[in-house]
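Put together the whole structure using the sequences plus the hints.
First to last, the protein sequences are chains A and B. Counting from 1, one number per residue, gives the positions in the first sequence under my numbering. Counting from 1, one number per residue, gives the positions in the second sequence under my numbering.
These are computed hints drawn from the structure, not numbers from a lab. Take the hints with a grain of salt, since some may be wrong.
As the list claims (entries may be wrong) - Sample of chain B residues lacking proximity to chain A, with all beta carbon distances greater than 10 Å (derived):
hint	residue
1	P4
2	R19
3	S23
4	D33
5	T48
6	K54
7	T55
8	V56
9	N68
10	F70
11	H72
12	D90
13	A100
14	I103
What the hints assert, rightly or not - Using 30 Å as the maximum straight-line C-alpha spacing, the simulated DSSO-like pairs for lysine-lysine come out as follows:
hint	chain 1	residue 1	chain 2	residue 2
15	A	K53	B	K32
16	B	K67	A	K140
17	A	K265	B	K32
18	B	K67	A	K202
19	B	K83	A	K265
20	A	K265	A	K252
Claimed, not checked - Computed beta-carbon distance windows for the label pairs:
hint	chain 1	residue 1	chain 2	residue 2	range
21	B	R31	A	K76	38 to 46 Å
22	A	L188	B	R31	21 to 29 Å
23	A	Y165	B	G36	39 to 47 Å
24	B	E82	A	K140	25 to 33 Å
25	A	E181	B	A52	55 to 63 Å
26	A	R158	B	S87	52 to 60 Å
27	B	A37	A	E27	49 to 57 Å
28	A	G77	B	S87	32 to 40 Å
29	B	V39	A	K198	36 to 44 Å
30	A	K116	B	G13	48 to 56 Å
31	A	R232	B	R31	24 to 32 Å
32	B	E94	A	K76	29 to 37 Å
Glycine residues also receive a C-beta, built at the ideal position from the N, C-alpha and C atoms.
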Amino acid sequence: MRYRLPVLVLAAMCSGACVAQQDTQKEIERYRQLLAEGNPADLFEARGEELWKAPRGPKKASLEQCDLGLGAGVVKGAYAQLPRYFSDTDRVQDLESRLVTCRVTLQGFTPGDAVKNPFSAPGRSSDMEALASYVAAESKGMKLDAPLSHPKEVEAFRIGEQLFYRRAGPHDFACVSCHGETGRRIRLQELPKLTDPKDARKIFTTWPAYRVSQGTVRTMQHRLYDCYWQMRHPQLDYVSEASIALEVFMAKYANGGEIQAPGLKR
Amino acid sequence: MADPMRIRASMAGDKVEVRVLMSHEMETGLRKDANGALVPAHFIQNVTVTHAGKTVLSAQWGTSISKNPFVHFRFKGGKPGEKVTISWVDNKGERRTDEAVIISG
Chain A
1 MRYRLPVLVL AAMCSGACVA QQDTQKEIER YRQLLAEGNP ADLFEARGEE LWKAPRGPKK
61 ASLEQCDLGL GAGVVKGAYA QLPRYFSDTD RVQDLESRLV TCRVTLQGFT PGDAVKNPFS
121 APGRSSDMEA LASYVAAESK GMKLDAPLSH PKEVEAFRIG EQLFYRRAGP HDFACVSCHG
181 ETGRRIRLQE LPKLTDPKDA RKIFTTWPAY RVSQGTVRTM QHRLYDCYWQ MRHPQLDYVS
241 EASIALEVFM AKYANGGEIQ APGLKR
Chain B
1 MADPMRIRAS MAGDKVEVRV LMSHEMETGL RKDANGALVP AHFIQNVTVT HAGKTVLSAQ
61 WGTSISKNPF VHFRFKGGKP GEKVTISWVD NKGERRTDEA VIISG
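Rendered as structure tokens:
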């Protein structure tokens, strides 16, 4: 008897606080739905489509023959099967690294020039953000189905898994420090548990997204770069093997989720 | 000229429902850049929407309107196939005009 009372009191406390938090969540969701109509990512999609078709680079060629995994020039549905192994480069690639490949092979840019200006800054917009918005939008509504069968895809998953759980840096943080439990939040941003398909399917598929705080569309590469900065880890290089491995790891849990990109975030 | 606006105009009952997404920096003039210098104010001051020669919406904006403004409004008297024209002028005198055809709801 003595032991039951504290448990009941605790349960009552939790239900009061829990309900309040759920109401707040509902209101935030409603607010986000109202905002979703005027998503400035639409402007990026339009510019991305133009850039896809524009002749650029030393070869003055467009990206219209770029193979994103479904064949040369097939954009519809391509984002839903990335990241994946590509035989022509013999490695696992995500959307942005594939765009870099096409910039080099089709448009004639040097590998160094092809990765320049991946993230826009004040006064300097990035073509990559527009292209990623366009390609992702062409998979909107489709279910994410990134493959995990080729030996290199499996290897990438294992590397991503190691990186996800490995604590390092001055804060001794790993991805799992923030993304390892359900119901966590940082300041006012709820954090998905990335190894729980319930969370992963809803969140992973909203990238790329227009981030209001950044005033531009940010891609998954930027999200990972930013996470590494927030953890005070060394800089995560653009379209590095490590970044793609993390995406392969996350995609496994997010597969089956409906692509709602480009999204709209704080 | 600035990036094109994205305009959708469709019938909603007997009214025309218009959604416009404008591409503009909307700098307040109060922000400082990485060197500590003020970023000059650059924002849309006037928005005019016309249909069949008549002004259906007129807006005078200030620095409180966010970057990449989105406007959603309804007006009476339009029909599918007719044009809606949207123009803006900013404090630097730059302007942009785009139009869209009304589609049925």
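Status of each hint after checking the structure:
1. P4: The assertion about P4 of chain B is violated, with a minimum of 7 Å to chain A.
2. R19: violated, 7 Å
3. S23: Check fails; 5 Å does not lie beyond 10 Å.
4. D33: Since the minimum Cβ distance to chain A is about 7 Å, D33 of chain B lies within 10 Å and the statement is violated.
5. T48: holds, 19 Å
6. K54: holds, 25 Å
7. T55: holds, 22 Å
8. V56: Its Cβ never comes within 10 Å of chain A, the nearest being 19 Å, so this holds.
9. N68: violated, 4 Å
10. F70: violated, 3 Å
11. H72: violated, 7 Å
12. D90: holds, 16 Å
13. A100: holds, 13 Å
14. I103: I103 of chain B is indeed farther than 10 Å from all Cβ atoms of chain A, at 17 Å.
15. A:K53 with B:K32: Violated: K53 of chain A and K32 of chain B sit about 36 Å apart, past 30 Å.
16. B:K67 with A:K140: holds, 25 Å
17. A:K265 with B:K32: Holds, at roughly 24 Å.
18. B:K67 with A:K202: Holds: K67 of chain B and K202 of chain A sit about 27 Å apart, inside 30 Å.
19. B:K83 with A:K265: violated, 33 Å
20. A:K265 with A:K252: holds, 23 Å
21. B:R31 with A:K76: 38 to 46 Å: holds, 40 Å
22. A:L188 with B:R31: 21 to 29 Å: holds, 23 Å
23. A:Y165 with B:G36: 39 to 47 Å: This hint holds: roughly 41 Å between Cβ atoms.
24. B:E82 with A:K140: 25 to 33 Å: holds, 30 Å
25. A:E181 with B:A52: 55 to 63 Å: holds, 59 Å
26. A:R158 with B:S87: 52 to 60 Å: holds, 57 Å
27. B:A37 with A:E27: 49 to 57 Å: violated, 39 Å
28. A:G77 with B:S87: 32 to 40 Å: holds, 38 Å
29. B:V39 with A:K198: 36 to 44 Å: holds, 42 Å
30. A:K116 with B:G13: 48 to 56 Å: Since K116 of chain A and G13 of chain B have Cβ atoms about 51 Å apart, the given range 48 to 56 Å holds.
31. A:R232 with B:R31: 24 to 32 Å: Roughly 27 Å apart at Cβ, these two residues keep to the hinted range, so it holds.
32. B:E94 with A:K76: 29 to 37 Å: The hinted range 29 to 37 Å holds for E94 of chain B and K76 of chain A, with Cβ atoms some 36 Å apart.
This entry does not satisfy hints 1, 2, 3, 4, 9, 10, 11, 15, 19 and 27, going by the numbered hints stated previously.
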